[in-house]
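Listed below are the residues making up each chain.
Protein chains: 2
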Amino acid sequence: MKARVIVTLKAGVLDPQGKAIEGALRSLGVEGVAGVRQGKVFDVELDAADRAEAEAQLKAACEKLLANLVIENFAIEIA
Amino acid sequence: MKARVIVTLKAGVLDPQGKAIEGALRSLGVEGVAGVRQGKVFDVELDAADRAEAEAQLKAACEKLLANLVIENFAIEIA
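Protein sequence lines correspond, in order, to chains A and B.
Per the working numbering: the first sequence ends with 79, consecutive numbering throughout.
Per the working numbering: the second sequence ends with 79, consecutive numbering throughout.
Hints listed in this document are in silico derivations from the structure and should not be mistaken for laboratory results.
There could be a bad hint or two in this list.
Which copy is meant is left open, so a pair is good if it fits within one copy or across any two.
Here are the simulated lysine-lysine pairs, BS3-like style, with alpha carbons at most 27 Å apart [to be verified]:
(1) LYS59 <-> LYS10
(2) LYS64 <-> LYS2
(3) LYS19 <-> LYS2
(4) LYS2 <-> LYS40
(5) LYS59 <-> LYS19
(6) LYS59 <-> LYS40
(7) LYS40 <-> LYS64
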């Protein structure tokens, strides 16, 4: 079973990396960019019997390793 | 206009970071993980008149900065 986990910074958490990308895009002549925030994506291949089991495994993975829940949110998409 | 750009490694490109995450999840007792590949996500706020203009701006951003087209694919989602 294939799944995608997207980890993004919570609102209000500063994102200097995103700010740098925003500035770089402007320098490169890409117009209309008003803001950038960077996050992480994990494409996970799972051996799970059903979607509920897959979701439980991914939730555990996020809480234990993939996301820092103090400053990050995660979203799970199961294909 | 809000948009999300997802940059992932092309198939066949080695992903040692993903392999390390896979091993770490196994060590932490998360079961059923058969593979992990890590990518990047960019949440972009755009000043664009319409979806076509937004898509053109994002495509330029990906080609110029966000993705390395030799080893990475990108996908654009406009909200």
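Status of the hints after comparison with the structure:
| no. | hint | result |
| --- | --- | --- |
| 1 | LYS59 <-> LYS10 | both (17 Å within a copy, 26 Å between copies) |
| 2 | LYS64 <-> LYS2 | within (20 Å within a copy, 30 Å between copies) |
| 3 | LYS19 <-> LYS2 | between (32 Å within a copy, 16 Å between copies) |
| 4 | LYS2 <-> LYS40 | both (17 Å within a copy, 17 Å between copies) |
| 5 | LYS59 <-> LYS19 | between (29 Å within a copy, 19 Å between copies) |
| 6 | LYS59 <-> LYS40 | both (16 Å within a copy, 19 Å between copies) |
| 7 | LYS40 <-> LYS64 | both (16 Å within a copy, 20 Å between copies) |
The structure shown violates none of the earlier numbered hints.
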